[in-house]
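Enquirer: Residue numbers (the working numbering), protein chains in the order written: chain A, -12 to 136; chain B, -12 to 136; chain C, -12 to 136.
In short, the hints are calculated from the structure, not lab data.
Hints are not guaranteed to be accurate.
[To be verified] A short, non-exhaustive set of chain C residues, derived as facing chain B with CB atoms under 7 Å:
hint, residue
1, Val(-9)
2, Leu(-6)
3, Ala83
4, Tyr102
5, Leu126
6, Arg127
[Stated by the list, open to error] The following residues of chain C were derived to be distant from chain B, with all beta-carbon distances above 10 Å:
hint, residue
7, Cys10
8, Pro37
9, Arg108
Beta carbons are placed, not taken as given, at the ideal position from N, Cα and C, and that holds for glycine.
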Amino acid sequence: MDPVEELLAIDEIHRLKARYFRCLDTKDWDGFGAVFTEDAQLDMSEEAGPDATPVVGRGPIVELVRRVVGDAVSVHHGHMPEIKIESHDTATGIWAMEDQLVWAESDPVRSTHGYGHYHERYRRTPEGWQIARMLLTRLRVDRERRPRA
Amino acid sequence: MDPVEELLAIDEIHRLKARYFRCLDTKDWDGFGAVFTEDAQLDMSEEAGPDATPVVGRGPIVELVRRVVGDAVSVHHGHMPEIKIESHDTATGIWAMEDQLVWAESDPVRSTHGYGHYHERYRRTPEGWQIARMLLTRLRVDRERRPRA
Amino acid sequence: MDPVEELLAIDEIHRLKARYFRCLDTKDWDGFGAVFTEDAQLDMSEEAGPDATPVVGRGPIVELVRRVVGDAVSVHHGHMPEIKIESHDTATGIWAMEDQLVWAESDPVRSTHGYGHYHERYRRTPEGWQIARMLLTRLRVDRERRPRA
Chain A
-12 MDPVEELLAI
-2 DEIHRLKARY
8 FRCLDTKDWD
18 GFGAVFTEDA
28 QLDMSEEAGP
38 DATPVVGRGP
48 IVELVRRVVG
58 DAVSVHHGHM
68 PEIKIESHDT
78 ATGIWAMEDQ
88 LVWAESDPVR
98 STHGYGHYHE
108 RYRRTPEGWQ
118 IARMLLTRLR
128 VDRERRPRA
Chain B
-12 MDPVEELLAI
-2 DEIHRLKARY
8 FRCLDTKDWD
18 GFGAVFTEDA
28 QLDMSEEAGP
38 DATPVVGRGP
48 IVELVRRVVG
58 DAVSVHHGHM
68 PEIKIESHDT
78 ATGIWAMEDQ
88 LVWAESDPVR
98 STHGYGHYHE
108 RYRRTPEGWQ
118 IARMLLTRLR
128 VDRERRPRA
Chain C
-12 MDPVEELLAI
-2 DEIHRLKARY
8 FRCLDTKDWD
18 GFGAVFTEDA
28 QLDMSEEAGP
38 DATPVVGRGP
48 IVELVRRVVG
58 DAVSVHHGHM
68 PEIKIESHDT
78 ATGIWAMEDQ
88 LVWAESDPVR
98 STHGYGHYHE
108 RYRRTPEGWQ
118 IARMLLTRLR
128 VDRERRPRA
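Could you put together the complete structure from these sequences and hints?
Expert: See below:
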């Protein structure tokens, strides 16, 4: 790609990931789904071990995320992107991240505060750049339990 | 606009908002004022209800912000911009944000920690891109009160 | 420089600083060293007073940083860059930052949470843009001491 096309692609991927965060925290699940390719993969090896099967498909990914954080007040922020355009239609990216969640009253954990990095693959589709694969590695996660009644 | 002009405009608006945050937290009130258009509007509907009148004008905006946070140790960070260039001289933007304030000793609240999104309009003036309208919506605000003496 | 070259330089400096943060927090000390020029200067005036001598050279900077935070779980995030390209091969930048460190068990301080700004100079070398000088000023640092045994 020529340099201007590359800069435009990087800018669009930055805004794609911004929609990922904004839709996640405002619980806009249609908008959240639209950031993923139809066949996107959510790599679960960090949460569930190296042999874990990825979650495959926009629908199942949205369903999983919605089930986990849909009732929480969540704040997810991304920082310091490192986007590499690999071809006209493929790219990779790393983002530092921080997330803070306050869970529903029924949860024994009151809040979670985590830090880590997203490792992602992107693909340009007729709808623009979308996330094709996502893995979240963690530097640290702090959990605050509720006092027992 | 051609793509390069659009990328330059986005870059300038990113740096404009960086000055907003840096001048606010270092209490550089002249620099802070310079990020707004002379006729800028601060939408207060989130703080004061849907019928609240906006604060109008660079001077009144700086005066209000300075009165509220001038004596606090403040940290405001912006994240994940979504800038849309609408014409040669107008643009909109959304920014995720987090703010942490430690209030003066005389305040019954010791500290505030908030999260939300700025929704903004920008206008290109002879001094460059400036903020023409600003609304801050909140995901969550935590307040820590001082222990009673 | 023409506008496209300037945008490419700004983008590369953004990714340079992203590597600084990622390598620091994942303890990739070779990668961390590679973000600095061979003759880089770490300005210590904020930590050690206005007459403090800077730490000079990639090796000594890495050694110092590694000694201080190598055993801590660290999270460093950069925000809101203000990069100014000064010539084909030199630039300056300001970044807002936040750092959170959990220290080794032997340390009487359990954790540190700080906020401030990096003030930097960059130089383009045969290896690309690198950090040539760095100063970190602080808005605030909170320390949590361990309870006495």
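Enquirer: Against chain B, run the beta carbon of Ala83 (chain C) and see if the smallest gap drops under 7 Å.
Expert: It holds, given that the least Cβ distance between Ala83 (chain C) and chain B is near 6 Å, below 7 Å.
Enquirer: Do the numbers back the hint for Leu126 (chain C), that is, is its least Cβ distance to chain B under 7 Å?
Expert: Holds - the Cβ of Leu126 (chain C) comes within 7 Å of chain B, reaching about 6 Å at its closest.
Enquirer: With a cut-off of 7 Å, does the beta carbon of Leu(-6) (chain C) approach a beta carbon of chain B closely enough for the hint to hold?
Expert: holds, 6 Å
Enquirer: Quick check for students: does the CB of Cys10 (chain C) sit more than 10 Å from each CB in chain B?
Expert: Its Cβ never comes within 10 Å of chain B, the nearest being 21 Å, so this holds.
Enquirer: Is the interface hint for Tyr102 (chain C) satisfied, with its Cβ closer than 7 Å to some Cβ of chain B?
Expert: With a closest approach of 4 Å, the Tyr102 (chain C) hint holds.
Enquirer: Hey, is Pro37 (chain C) genuinely clear of chain B, shortest beta carbon separation above 10 Å?
Expert: At about 18 Å from chain B, Pro37 (chain C) clears the 10 Å cut-off, so the statement holds.
Enquirer: Quick check for students: does the CB of Arg108 (chain C) sit more than 10 Å from each CB in chain B?
Expert: holds, 17 Å
Enquirer: The hint names Val(-9) (chain C) as touching chain B; please verify it with the least Cβ-Cβ distance against 7 Å.
Expert: Holds - the Cβ of Val(-9) (chain C) comes within 7 Å of chain B, reaching about 6 Å at its closest.
Enquirer: Does Arg127 (chain C) pass the interface hint, meaning its C-beta sits closer than 7 Å to a C-beta of chain B?
Expert: holds, 5 Å
Violated hints are absent here; each numbered hint is respected by the structure.
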